[in-house]
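Novice: Since chain A is already given, all that's left is putting chains B and C on it; use the hints.
The listed protein sequences correspond, in order, to chains A, B and C. All letters in the first sequence, in the order written, are residues 0 to 245 by numbering that gives the first Met the number 0. All letters in the second sequence, in the order written, are residues 0 to 248 by numbering that gives the first Met the number 0. All letters in the third sequence, in the order written, are residues 0 to 247 by numbering that gives the first Met the number 0.
Among these hints, one or two may not hold up.
Just some of the chain C residues that point at chain B, by a computed CB distance under 10 Å [claimed, not checked]:
| no. | residue |
| --- | --- |
| 1 | N28 |
| 2 | A29 |
| 3 | S33 |
| 4 | R35 |
| 5 | R36 |
| 6 | L40 |
| 7 | D103 |
| 8 | T105 |
| 9 | Q108 |
| 10 | L111 |
| 11 | Q119 |
| 12 | R243 |
| 13 | L246 |
| 14 | E247 |
None of these hints come from the bench; they were simulated from the model. Note that CB positions come from ideal geometry on N, CA and C, so glycine has one too.
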Amino acid sequence: MTMKPLNTFHFASPATFYPLAGRLQPLFALLALALAAAGLYVGFFVAPTDAQQGEGYRIIFVHVPTSWMAMFLYCVMAFWAAVGLVFNTRLASMMASAIAPTGAMFALLSLLTGSLWGKPMWGTWWVWDARLTSTLILLFLYLGFLALQAAVDDPRRADKAGAILALVGVVNVPIIYFSVKWWNTLHQGASVSITKSSSMAQTMLLAMLLMALAFWMYSIAVALARVRNIILEREAHTEWVQHAMA
Amino acid sequence: MNPSAKAPWPCESLAAAGTRRSELTRIKRFRAPRQNDAVCHARRTPPSMFTATDLACSRGERRLFDRLNFTLGSGEWLHVKGENGCGKTTLLRTLIGLAPPDNGAIRWRGADIREHAEDYRRAFVYLGHQPGLKEDLTPLENLRLSLALDGFACNAATLLAALRRMGLQGREDLPVRHLSAGQKRRVLLARLLLRPAQLWLLDEPLNALDASAVALLGMLITDHLSAGGMAVLTSHQPLPLAPGREVVL
Amino acid sequence: MSLPGRPPGEQIPLVDAARSAKGAPWIVNAALVSLRRDLLLAARRRSEVLTALFFFVVVVSLFPLAIGPEPALLRRIGPGALWVAALLATLLGLPRLFAADHADGTLEQMALSPQPFALQMAGKVAAHWLLCGLPLVLLAPLLGLQFGLDGDAQGVLMLSLLIGTPLLSLIGAIGAALTLGVRGGGVLLSLLVLPLYIPALVFGAGSVEAEAAGLGVRGHLSVLGAMLALAVFFAPWATTAAVRVALE
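So that you can see chain A by itself, here it is in the shape it has in the complex (with noise of 0.2 Å):
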């Protein structure tokens, strides 16, 4: 790795970064646990009890920061997918990894917990709005990602071509969400919106916040113990990893 004047490349390298994700990521932890102790308590026993739903709606703390973490997720993928293309860097890569399963389980995760209320609520299962349905194809997106990296054997091309796919996502989330928005809309049949809240009472707004704060915690040390493992398998050949392993 070349070393730049500003040394802005420092901690480009796998070498050095390893060292640094294994101090930051118990930080990243505690704070997550932490911030998701708070919101929700605030969640759970400050929020008031909602007119027309009653107890049930409180879900909405998990689900809502879910779909957010899903979709920020996406884009911060394909952002260091970018670097590693544009640069040529393996780290900015294997950290495009690294996020892709997280993002895919919060993808996953608002849809389950969009699921669990909608059956209380409307009676189904399923229901075909708008956030639900994009968040949908944006957990496809995520299983492409993943089904691509999984199926090309050299990590480079892997990297690259997950990079072009990621770019490519990236530029159609906003068209895609635009157009199920379109779509939904048109259809009047299904256009019970499970998000669509009438005022939200500033405690629950709070206990949201806190949740997605909770959540984008513990992402980020969840990708840097990620990061690690992958780090260790790519550079396993390296004089530093084995050193470290020994």
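Specialist: Frame of chain A, contents of chains B and C only:
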């Protein structure tokens, strides 16, 4: 113009590229001929047109070659030698710009091939392991198409004459599917003849060629070199050419 | 240069580094050559082209068989079913876009050509559309009769497919390039490309439904056209990048 017998001391390009190595190491490298350095003669070479500096490449985790340097001038050719799987094809693919190297630079007429890709691509022709021919088309159509894709126009008489010279008289209108492996390679040799290029990069060009075709190829390359062209060849078999520079991987 | 075995005076005339033989401007020459090449190759293998068409016909017939022959219901699902079948038929033809050229080494030679690779890829995608997409557009009204679509709906259907199928070819080419030479390529290609096809499907099928409902179709078709314009400019670059990655 063609290189004479190898002289037992390293040449200027090695000195220019390997300044960090001591004199002793350079002599040591010569004594162990299976190193990555270009062994060339000491005679002052003409201004280099095709140079590779500090090339390094890996496939997966395996480092195939490291700190590879060579220089080719007009009329010179490079013989890439090595065992199976040691990276000869990878080196060639790196030289043509398909596979990015881990390190190092390749220059054509002083310009980096990545920055002036179009000029470089106009100047070379590459024959790899794969046939590079469409089985459903005739040799005539294949030649015309491959020239057209490279941006060259050609009239039918020229194409026919080239095919005839390569010994494919009477088979110009047969789909390539019906030709033998040797005849398919002869179609590719016809392409070599027709496509104007200063640099020829040929990966195992003697594959599937019979003795007369081998002699033909030898004459083609010799003519090309004496007209000022350059060539980089890999081959297990002995090539019917005057010895050129060598790189051993 | 003089040829071996011939007296030195006899020469084979070198080819001219000319502009295209037909005088087309340089910039699109690469695309036109590539297009003509693919059409020539398809002409030699007509059965491959026809199987995709037969697939379209068969899949369209599956919907009434699965859902029942009630005319009102069929009229409702007709546009959607035809669009889905068109999508799947295009998907079927996508692996063939690059696989054959990759296998015999001609794709590599195209990548090494001094002509812009993106234009050559654009030519290939154009050929794919002419061979896979355009026949679907022409065949759709016939199959629309099976669903009892009226004249106006048929017209909008053809128009939406006319704008939509090039879009499908362009996006599909990216997927085909990414999965070039990869294990399980065909199925992986579907997984990659189908989510990206959804906007086209929504607006394409939606336009016909809007026509049937008496709403204006211009909005849908305009958005479809906008997506096509976006794809025409950006998809060849993505495809080129993906093919170069596959050739490494």
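Novice: So, for every hint listed, does it hold in this structure?
Specialist: A quick look at each hint next to the structure:
1. N28: Holds, because the Cβ-Cβ distance from C:N28 to chain B comes to roughly 7 Å (cut-off 10 Å).
2. A29: For C:A29, the interface hint holds, since the closest Cβ of chain B sits about 7 Å away, which is under 10 Å.
3. S33: Because about 7 Å separates C:S33 from the closest Cβ in chain B, which is inside the 10 Å limit, the hint holds.
4. R35: Holds, because the Cβ-Cβ distance from C:R35 to chain B comes to roughly 8 Å (cut-off 10 Å).
5. R36: With a closest approach of 5 Å, the C:R36 hint holds.
6. L40: 6 Å, holds
7. D103: 6 Å, holds
8. T105: This hint holds: C:T105 lies near chain B, its Cβ roughly 6 Å from the closest one there, short of 10 Å.
9. Q108: Hint on C:Q108: holds, closest Cβ of chain B at ~5 Å, below 10 Å.
10. L111: Holds. Min distance 6 Å.
11. Q119: It holds, given that the least Cβ distance between C:Q119 and chain B is near 7 Å, below 10 Å.
12. R243: 8 Å, holds
13. L246: 5 Å, holds
14. E247: With a closest approach of 5 Å, the C:E247 hint holds.
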